[in-house]
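Novice: On the provided structure of chain A, position chain B as indicated by the hints.
From first to last, the protein sequence lines are chains A and B. Using numbering that gives the first Met the number 0, the letters of the first sequence correspond one by one to residues 0 to 338. Using numbering that gives the first Met the number 0, the letters of the second sequence correspond one by one to residues 0 to 274.
The reader is advised that the hints may include incorrect statements.
[What the hints assert, rightly or not] In silico lysine-lysine, DSSO-like type, Cα no more than 30 Å apart, as pairs: (1) B:Lys65 / B:Lys110; (2) B:Lys34 / A:Lys73; (3) A:Lys224 / B:Lys237; (4) A:Lys1 / A:Lys19; (5) B:Lys214 / A:Lys224; (6) B:Lys65 / A:Lys73; (7) B:Lys237 / A:Lys68.
Source of the hints: derived by calculation from the structure; they are not laboratory data.
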Amino acid sequence: MKKIAISQLNTLFAAIAARKTLYIPADDGAGSAKFTVWQEGVTLTDKLNTVRSAKDLFFPQVENLVNFKVEGTKIDIVENRDAAEPFVVFGVRACDCASFDILDRVFLSDPVDTFYQTRRENGVVITLACSRPAETCFCGVFGIDAANPAGDITCWMDGESLYWRANTKKGEQLTAALDLADCDGSAVTAQQEATREILKKLPLNSLDLSDFKDQKLLDVFNSPKWAQLSESCLGCGTCTFVCPTCQCYDVQDFDNGREVRRFRCWDSCMYSDFTMMAHGTNRPTQKERFRQRFMHKLVYFPNNNEGIFGCVGCGRCLQKCPIHMNIVKVAKALKEELK
Amino acid sequence: MRNDPLIPMLGVVTMIRTDTPDVKTFRVTGVDGVKPFEHIPGQCAMLSIPGVGEALFSITSSPTEKDYLDFSIKKCGCVTTWLHQMEVGQQITIRGPYGNGFPVDTELAGKDLLFIAGGIGLAPLHSVINYCRHYRDRYGKIDIVYGSRSMADLVDFPEIIDEWCKEDGINVHLTIDNPQPEWDGHVGFVPNFVKELNFDTSKTVLMCGPPIMIKFTLSGLMDLGFEKNQVYTTFELKMKCALGKCGRCNIGDKYVCKDGPVFRLDEMDELPDEY
Numbered sequence: 000m001k002k003i004a005i006s007q008l009n010t011l012f013a014a015i016a017a018r019k020t021l022y023i024p025a026d027d028g029a030g031s032a033k034f035t036v037w038q039e040g041v042t043l044t045d046k047l048n049t050v051r052s053a054k055d056l057f058f059p060q061v062e063n064l065v066n067f068k069v070e071g072t073k074i075d076i077v078e079n080r081d082a083a084e085p086f087v088v089f090g091v092r093a094c095d096c097a098s099f100d101i102l103d104r105v106f107l108s109d110p111v112d113t114f115y116q117t118r119r120e121n122g123v124v125i126t127l128a129c130s131r132p133a134e135t136c137f138c139g140v141f142g143i144d145a146a147n148p149a150g151d152i153t154c155w156m157d158g159e160s161l162y163w164r165a166n167t168k169k170g171e172q173l174t175a176a177l178d179l180a181d182c183d184g185s186a187v188t189a190q191q192e193a194t195r196e197i198l199k200k201l202p203l204n205s206l207d208l209s210d211f212k213d214q215k216l217l218d219v220f221n222s223p224k225w226a227q228l229s230e231s232c233l234g235c236g237t238c239t240f241v242c243p244t245c246q247c248y249d250v251q252d253f254d255n256g257r258e259v260r261r262f263r264c265w266d267s268c269m270y271s272d273f274t275m276m277a278h279g280t281n282r283p284t285q286k287e288r289f290r291q292r293f294m295h296k297l298v299y300f301p302n303n304n305e306g307i308f309g310c311v312g313c314g315r316c317l318q319k320c321p322i323h324m325n326i327v328k329v330a331k332a333l334k335e336e337l338k
Numbered sequence: 000m001r002n003d004p005l006i007p008m009l010g011v012v013t014m015i016r017t018d019t020p021d022v023k024t025f026r027v028t029g030v031d032g033v034k035p036f037e038h039i040p041g042q043c044a045m046l047s048i049p050g051v052g053e054a055l056f057s058i059t060s061s062p063t064e065k066d067y068l069d070f071s072i073k074k075c076g077c078v079t080t081w082l083h084q085m086e087v088g089q090q091i092t093i094r095g096p097y098g099n100g101f102p103v104d105t106e107l108a109g110k111d112l113l114f115i116a117g118g119i120g121l122a123p124l125h126s127v128i129n130y131c132r133h134y135r136d137r138y139g140k141i142d143i144v145y146g147s148r149s150m151a152d153l154v155d156f157p158e159i160i161d162e163w164c165k166e167d168g169i170n171v172h173l174t175i176d177n178p179q180p181e182w183d184g185h186v187g188f189v190p191n192f193v194k195e196l197n198f199d200t201s202k203t204v205l206m207c208g209p210p211i212m213i214k215f216t217l218s219g220l221m222d223l224g225f226e227k228n229q230v231y232t233t234f235e236l237k238m239k240c241a242l243g244k245c246g247r248c249n250i251g252d253k254y255v256c257k258d259g260p261v262f263r264l265d266e267m268d269e270l271p272d273e274y
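Only chain A is shown next, with the shape it has when bound in the complex (with noise of 0.2 Å):
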């Protein structure tokens, strides 16, 4: 374990910044946080976490895919991938961190997708463990232990401190460019038992997602519950955007008049149009969009992911839905239902 002095905080970050592009959680101004590249007068936020999760790193909002040039019946494909830095990202929190093995099982499955691999290679992600996890969090329902975070490296802040500890390759390497003094853990251990008192009471901690995993596909998706659910939803898609495991994209064309950009970017399945082809969708209302997001993050991904559930517990969609609906208040009533 190493250390470093909370004065000394702008000097690391100084130092990372120097090899790579290094993004930390930072205030917009305008009363959230953001991953924002560091340069000198950017601090490190108070708040718990960020408005959108770190896997706009890794998987951009907007992305460029391919270029066309058009002329007459003639096409060339032109490269045309946003370059791919090596960047450090840090202040990642543990929920965020374990969206990333979400985000692995579906872009580095057979077939892969290179961009994302591309950024995931070329990215350090440090991770910094909760000292005053928030009442809408729930990371502990997956196995997520928020004082002892994943990532490359794992950091913990106190008053005082910042402790750091490399966890792989490329966090010794990271850790070796650097100058930080060695430390005993006992200051992390202290932390971590008191932050696991604080997640212990919860309100949220104790949510038994197990009843889902013995549940046939159907009993669930035929819920009545789902009609009354979803009564509210205004299908504005806020949900998607702030989670840090929703992966839908789409990819769209723009025709500039000289050349034809191909880019992907985020979609939602709360939107109408996400399924809709020339003949119409199949999924009419918003009770079938709203319970597409839910059933596969509750049932379709663990079916395909040895058990493993498409959320992690960060609470983003608790804080953010505009009628206060969310994956908790809905695996909760479907129990409830299924009992």
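Specialist: Showing chain B alone in chain A's frame:
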């Protein structure tokens, strides 16, 4: 360039045939004149016109055609409308093949086959039918039930009349929805026609058509005594990636692009009726 499955290759349209008032068949090769890739009957490919969009189409030609891929495409949306107005020599982009295809060399081998198609639903089955004709001794008797709105809407009509109907061991049963003066064949919808034909239940069924036809035909087949595990069908839902990642073509926990598009109907029993 790091190869990515989302990046297509170039193809060129070498032949366009008008089949019906709203269906054309497009022959595609690579720009080098070589077939873009090998496939299994029932598999699909993503075709795109840059600036218009990309969409998934089933491959109509049999894998035994050495030099090209054919696509029979009905004009109904943005991409298909564009394809319908283009001319021979047009370059397009193509990627694939996608999906599982029909189990032509395993579960279907040695079986008597009953093909049931409605309208443009013949497109994916066309590939299987011609594959089975090519390897005729690997399969038993072949029955083909094919229906469309009108005589003019029967896709591949000349090939059906001049080749399929004349081959020993292949029985073709055509039907159209409404009577026409120049039509002396059967008139009526596919599901009823299948029941009237009272097929021997030892056959294995391959079916494709509009979802409503599939639902009613399936219930007719059940009435005749067929089991769901004797019936295969192929689905189409909206897709963007065809790689099982963009997240929209799922029926329950199965992605049509990756786990399908061909499903045996007993597999559908455990999946939602959301298609």
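Novice: Would you mind marking each hint as holding or not holding in the structure?
Specialist: Hints, verified against the model:
Taking the CA atoms of B:Lys65 and B:Lys110, the gap is about 26 Å. The hint holds against a cut of 30 Å. Note on B:Lys34 and A:Lys73: the hinted pairing holds, with a Cα-Cα distance of about 18 Å set against a maximum of 30 Å. Note on A:Lys224 and B:Lys237: the hinted pairing holds, with a Cα-Cα distance of about 27 Å set against a maximum of 30 Å. With a C-alpha separation of about 21 Å, the suggested pair A:Lys1 and A:Lys19 falls inside the 30 Å cut-off, and the hint holds.
A hinted pair counts as satisfied when its Cα atoms are at most 30 Å apart, and B:Lys214 with A:Lys224 qualifies at roughly 27 Å. Only pairs whose Cα atoms come within 30 Å are accepted, and B:Lys65 paired with A:Lys73 is accepted, the gap being roughly 24 Å. Proposed proximity of B:Lys237 and A:Lys68 is supported: the alpha carbons are some 26 Å apart, at most 30 Å.
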